[in-house]
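Construct the entire structure; sequences and hints are all you get.
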Amino acid sequence: MDWSNVTAEDLVEALREVDWSSPPRPLSEFFSRFTVPRSYAKWNSRLKCNLYYYRTNYFIMIVFILGIGFLRRPHAIVAALMTALSIALLNDSFAATFSEKVTRTVRQFSPHLAAKMRAPLAPVIRGRPSVKRAIHICGRPRWVFVLLFSTVSFFLWIVSCGILMVLLAFAIGLLAAVIHASFRTPNLKARLNTFREEFRAVWRNYSEL
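In the numbering used here, the protein residues as written are 1 to 209.
What the hints contain is simulated information worked out from the structure, not anything from laboratory work.
Everything hinted at is true.
Computed Cβ-Cβ distance ranges for the label pairs, DEER-style:
| id | residue 1 | residue 2 | range |
| --- | --- | --- | --- |
| 1 | D92 | N44 | 25 to 33 Å |
| 2 | Y40 | S150 | 29 to 37 Å |
| 3 | L175 | A134 | 33 to 41 Å |
Model, not experiment: these values are computed from the prediction.
Ideal Cβ placement from N, Cα and C applies to all residues, glycine included.
As structure tokens, this is what we get:
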């Protein structure tokens with residue numbers, strides 16, 4: 001895959017749809033080899049490739065940096081977790097996995113309530129869905145939970161008086177991710193993983209036809 005032709009919008013869309021349930025890359029691989037890119041085109045391609053391939057590592061690193069900044073503020077730690085959860089729910093795969101696990105947990109205590117938490121069925125015309133199926137969480141539209149967690153985290157940030165601190169910690173986390181992605185040399189495994197993700201995306205689009 002030629003990452004130099006991938007725009008920022010394409011990268012954001014790919015990160016939104018890609019599966020985030022995979023475990024993070026090992027630290028031995030994450031801190032394996034670093035080189036300086038030879039040109040702006042090489043740096044641009046490397047940055048996008050690493051941001052996509054090490055996405056879980058960068059997400060954990062940013063959350064960890066946010067947690068360090070609020071060790072003495074428990075409300076801020078909860079606010080950081082709620083903010084991370086609301087952002088993670090924007091990813092289709094994470095939202096579906098989160099909804100499934102919550103529904104399974106509720107089913108153990110109340111099967112009747114779990115049945116009501118199923119996502120509504122999309123209308124089917126001639127054996128095909130008439131519209132693209134929207135993402136639901138526990139039977140409700142995704143935006144309801146994103147808005148709920150975002151609102152709760154916002155009030156927790158106000159109570160903890162840590163808005164400036166979270167902005168600083170978040171900026172440090174983003175800077176660390178960009179620096180790592182800029183100098184980490186893409187390995188063969190990253191390229192093979194990219195081709196595999198492309199095949200899955202093409203197959204998913206084909207199956208929806």
